[in-house]
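K.L.:
Using the sequences and the accompanying hints, generate a full structural model.
For the sequence shown, position 165 (counting from the first letter as 1) is numbered 165 according to our numbering, and the numbering increases by one without interruption.
Be a bit skeptical, because a hint or two may be false.
Claimed, not checked - Listed next, with one range per pair, are the computed distances between beta-carbon atoms:
id : residue 1 : residue 2 : range
1  : Thr-42    : Gly-218   : 47 to 53 angstroms
2  : Leu-134   : Pro-100   : 30 to 36 angstroms
3  : Ser-63    : Arg-139   : 17 to 23 angstroms
Hints were generated in silico from the structure; no laboratory data involved.
Remember, it's a predicted structure, so these values are computed and weren't measured experimentally.
Beta carbons are placed, not taken as given, at the ideal position from N, Cα and C, and that holds for glycine.
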Amino acid sequence: MKNWLSPLCLFFFLSLGVHAQQQTPNGWAYEELKPGSGPTLTAENGVLTHNQLLASNGQVLVSTYQIGVPDYQRIAALSPELQQAFSVMQEGGKYRFHIPIKDFEKAMRTKKALNLPGEEVTWEMELLELLPSLPDGARVVRETLQQEGAQAAIEHFNELVNSGGAYLGEWEVNQIGYFFLSEGHKEEALRVMAYNAKQHPNSANAFDSLAEAYYQNGQEAKARECYQRSLEINPDNANAREMLSKLK
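P.N.:
As structure tokens, this is what we get:
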């Protein structure tokens with residue numbers, strides 16, 4: 001006697017196939033959450049992505065979705081492991097990679113073992129756009145800051161802004177501002193954050209960061225203005241709401 005699948009069962013199995021687990025060239029399991037329709041990613045590209053990294057217990061470790069700002073990567077600057085894995089991606093697609101923690105540490109070139117639960121991390125990656133291969137501006141300026149100091153780093157930042165010699169999106173400029181802030185270079189951080197807010201006048205994150213820079217520089221009135229602007233753009237910005245209450 002033949003066993004026929006009901007239409008409901010057939011739909012169920014076909015639906016499972018959409019996210020069927022596959023393997024990257026270097027052996028990591030992954031699923032294609034949404035097929036891409038553009039070119040395939042190569043080492044000759046830069047790439048703009050939304051992505052989030054999750055621990056095995058579901059904890060979100062890093063997420064561009066949380067602040068609504070995509071991240072840029074120059075593929076040639078990534079480790080060989082990441083280049084091989086990401087070679088399966090197409091522009092417009094969304095993917096979920098399952099990476100053993102030891103492999104992830106190697107791929108990220110970490111010097112210390114990561115204290116994470118379980119045996120793997122999950123990296124969800126949405127490839128928004130393929131771009132020309134430019135250096136990551138945040139990494140370039142950070143190296144200058146570490147090697148030559150704050151004055152050289154802010155001058156290098158300004159040179160890159162004028163020349164277009166590195167990719168300086170909202171995420172990257174925000175990172176640069178926090179590099180300065182974390183090293184105690186408050187005035188330089190303020191200049192960078194102000195530039196970012198000017199370039200992205202409708203970004204709640206840019207104004208939230210600018211507000212923090214003003215606050216760190218002792219300019220509380222300016223900080224209030226920027227937190228208020230951030231909250232106007234994104235009424236769900238809990239940090240801005242908390243800081244406005246603190247600055248009353």
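K.L.:
Take the hints in turn and mark each one as holding or not.
P.N.:
Structure-based check of each hint:
Remark: the range hint 47 to 53 angstroms for Thr-42 to Gly-218 is upheld by a beta-carbon distance near 48 angstroms. For the hinted restraint 30 to 36 angstroms between Leu-134 and Pro-100, the CB-CB distance of approximately 31 angstroms keeps it satisfied. In this structure, Ser-63 and Arg-139 meet the distance hint of 17 to 23 angstroms, their C-beta atoms being roughly 20 angstroms apart.
Going down the numbered hints, you'll see the structure goes against none, and every one checks out.
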